[in-house]
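Participant: Assemble the complex: chain B is given as a structure, and chain R must be docked to it using the hints.
2 protein chains.
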Amino acid sequence: MINEQFIPEAVVLANGEYPTAPLPLKILKEAKFVICCDGAANEYIAQGHIPDIIIGDGDSLSSANKERFFSIIHHISDQETNDQTKAVYFLKEKGFHKIAILGATGKREDHTLGNISLLIDYMRSDLEVRTITDYGVFIPAQHTQTFTSQPGQQVSILNFSAKNLKGEGLVYPLSDFTNWWQGTLNEALTNEFTIHCSGDYLVFLAYQI
Amino acid sequence: MINEQFIPEAVVLANGEYPTAPLPLKILKEAKFVICCDGAANEYIAQGHIPDIIIGDGDSLSSANKERFFSIIHHISDQETNDQTKAVYFLKEKGFHKIAILGATGKREDHTLGNISLLIDYMRSDLEVRTITDYGVFIPAQHTQTFTSQPGQQVSILNFSAKNLKGEGLVYPLSDFTNWWQGTLNEALTNEFTIHCSGDYLVFLAYQI
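First to last, the sequence lines map onto chains B and R. Taking full-length UniProt numbering, the leading residue of the first sequence gets 1, the next gets one more, and so forth. Taking full-length UniProt numbering, the leading residue of the second sequence gets 1, the next gets one more, and so forth.
Just so you know, these hints were derived from the structure itself, not from any lab. No incorrect hints appear here.
One copy or any two copies: either way a pair holds, since identical chains are not told apart in the list.
Taking lysine-lysine and the DSS-like style, the derived pairs with C-alpha atoms no more than 25 Å apart in a straight line are:
hint, residue 1, residue 2
1, Lys107, Lys26
2, Lys29, Lys66
3, Lys94, Lys66
4, Lys29, Lys107
5, Lys98, Lys32
6, Lys94, Lys26
7, Lys86, Lys26
8, Lys32, Lys94
The structure presented is a predicted model; accordingly, all values stated were derived computationally and were not measured.
Same shape as in the complex, but just chain B:
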């Protein structure tokens, strides 16, 4: 059973829009270890926090912060990945397994798409990673899984490699979607729903308003 309760061992604050919704702000506040992508560090610091690590080339950091936080800035050269991924694999190397990503969406849409889809890769690297946005939670999943939900909760399913997709406890039927929109705007009927399939997919659970 996959449920909404998720207490991460570490938090990645990525370069998108700074969180404003109650859930991501609560996670950020209670986080035991926070790694900031450098575009996000200025704002995090301005809000009175101190990151444990800053990842990036430091280009987006103010010169005051660059100087003050010199010792915790890690520059990882890798043209093949983005800062979010560098942060996640940095945490993996340090032994963290359960990770929440905040600030991954908003701003440039291609960054949003990239950041969300990377959850599939993190899952394949045996990490338990979720993206928590101002509107809901993205959870990567594999094969048949049951999720806790609230009756009427909006659910979207994004198919990456899943075959024989079938839903149970959802308003609209699932099939082997070939376009992203086909799995969006579904709805949980009760306190749980099950996705039957073989392969990888993302579930988006929208917050109840």
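Facilitator: Chain R only, in chain B's frame:
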């Protein structure tokens, strides 16, 4: 040659974040025909404009606007599509072919993903539709195409069904991507680039800052 010049015959203003960047605002200002999804109509009207058509069930319209614009509100019942799609096909039925979609992103990320991916469906319906956001332009394309660009312009390619993907005039090589992020954060070398492939894909051209 596909270029950034795009003068639409009609504009769809969708339910995401109201545009703030110069290009979408210019397109909205110069539009000859504007169809608002109902969540966007209040703001459009508040800014001093009058929509030609409002699509939706009217739930998001203020009661003053519901009364004032009674005659141009079209309620299309179809559980299978969203308001953006209803607006696009309404325009198609009226003979419009070249359509710009604004306000399609921001807010709920699953809506953003759905709205963007629907461009592929509109293209398959023989429409010429683009989504213009605050950060760049999404263009659906099929098979080998050449695009105009600016040297250094950020380009992302999202693969829907394309095979044998190869790039020309881009910094990073293309391949038959299986995850969204793999085609993001590329860059044009000169004033044009070519995507060689067979099948459907989306190109995102970020505005030059």
